[in-house]
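Quick mapping for you: the protein sequence lines, in order, are chains A and B.
1 is the number of the first residue of the first sequence in full-length UniProt numbering; add one for each residue after it.
1 is the number of the first residue of the second sequence in full-length UniProt numbering; add one for each residue after it.
The hints are simulated quantities; they were obtained by calculation from the structure and are not laboratory data.
Keep in mind the model is a prediction, meaning the values are calculated, not measured.
Beta carbons are placed, not taken as given, at the ideal position from N, Cα and C, and that holds for glycine.
Any given hint could be a false lead.
Unchecked claim - Partial chain A-side listing against chain B, Cβ under 10 Å, derived:
#: 1; residue: Trp80
#: 2; residue: Phe106
#: 3; residue: Glu118
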Amino acid sequence: MLDLYLPIIVVIGIAFAFAIGSVVFSRLVGVKRYSELKMSPYECGVPPIGNANERFSVKFYLVAVAFIVFDVEVAFLYPWAIMFKQLGWYGAITMGIFIFVLVIGFIYDWKKGALEWE
Amino acid sequence: MSDMLVTLALILGKLLFIFGVVLFMAAYLVLAERKILGRMQLRYGPNRVGPFGLMQPLADVIKLLTKEDFVPARADKWLFLIAPGITAVTALLVFAVIPFGSPLEIFGRQVPLVVVDLNIGVLYFLGVSSMAVYGVVLGGWASNSKYSLLGGVRGLSQMVSYELSLGLSLVPVIMMARSFSLTDIVMAQQSIPFVLLNPVAFGVFFICVLAESNRIPFDLPEAENELVGGFHTEYSGMRFGLFFVGEYINMVVLGSLVTVFFLGGWNGPWLPPLLWFLFKVLAVCAMFIWIRASMPRLRYDQLMNLGWKILLPLSLVNILVTGAVLLGLG
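All chains, full assembly: derive it from the sequences and hints.
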């Protein structure tokens with residue numbers, strides 16, 4: 001168990017060292033000349049107007065909700081995919097019914113216009 | 001005890017080798033991309049630094065390291081600081097499970113050419129790669145800039161949408177290889193690569209890979225000519241560098257994964273396995289660059305339609321058909 005996951009921990013260590021190290025190094029050698037204009041967010045060269053955290057379309061939220069449902073579906077498919085030979089037709093048909101139920105939800109989503117972007 | 005030490009030394013050796021090769025490849029992919037894009041647009045591309053511009057990556061690194069690194073006013077400082085790190089780290093983490101050659105015999109020991117052959121390698125890849133979306137969305141959110149916010153939100157929606165089809169297109173691969181281990185998946189393709197057995201899954205996976213890496217034709221989160229730079233508009237210096245390096249490391253990673261899942265990994269006649277693997281990865285990367293040179297950017301509604309209305313149903317049907325065929329064949 002430890003044998004298997006020890007290298008992953010080492011990889012995580014090296015990856016973090018790379019990310020943090022390069023940024024710290026650049027902080028040390030980089031120039032620092034702050035000015036108010038430089039610190040203001042980019043907006044095509046004019047002073048920024050209004051709040052940056054504007055409201056955005058609710059569609060993005062709908063996509064996130066639909067994603068959660070389908071991601072769970074994907075998670076259910078994996079155990080079946082690996083054992084499907086042993087489970088045979090029984091497993092395949094059960095999985096078919098499971099996918100069918102989700103497809104009904106998907107069609108509902110589609111017909112309600114949750115997937116439309118105009 | 002000494003056995004443990006040897007194992008640890010081997011792991012460290014392999015890791016340093018992989019990280020060296022990957023960072024080198026990522027640096028030269030940038031140059032290759034600029035060169036090939038240049039040639040395809042009847043320009044020369046970078047050719048000033050060193051012979052044929054071969055020292056360009058070095059110059060880029062020096063430039064990025066010595067640039068000013070600042071946080072814009074009223075940005076969410078901590079999120080702003082860690083977002084590029086997430087992109088780079090997640091890209092590097094996936095490499096731990098990619099097998100890049102058949103096991104070698106060194107000093108009478110079997111040394112598998114993979115950092116760790118996890119028995120849940122596919123799940124590890126999916127888990128780590130779905131973390132990558134946080135780099136984009138946190139970077140965009142924390143910058144306190146309208147362009148960044150739009151880029152981040154677009155990136156979030158795009159990446160989660162295509163992640164579904166990405167995950168679903170791997171299900172047939174698992175059904176054919178009957179293992180989550182990437183080494184086993186390559187072993188299962190010794191006689192015939194999965195791209196020939198299941199071209200639909202390959203097509204879906206390839207498109208999703210392009211979308212996950214935010215490259216043309218799916219580069220809406222960056223979209224230079226409408227969002228200036230999208231989620232990394234406000235980044236400078238090495239933080240921008242981490243986003244940049246992360247993107248190119250990601251290209252190498254995804255190229256390797258296409259190779260492992262569909263192109264038969266290191267399997268191939270005549271040449272040594274390691275060369276075959278490298279050759280296939282470079283071929284996939286060249287394909288990415290070629291696509292970038294020839295495709296226009298999709299509109300956002302087209303992007304979402306493709307992901308949700310075409311790729312998702314297609315990959316679901318593909319799973320059922322693959323299952324039925326495999327069971328029918330016994």
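In rising order, the numbers of the hints this structure does not comply with: Structure breaks no hint.
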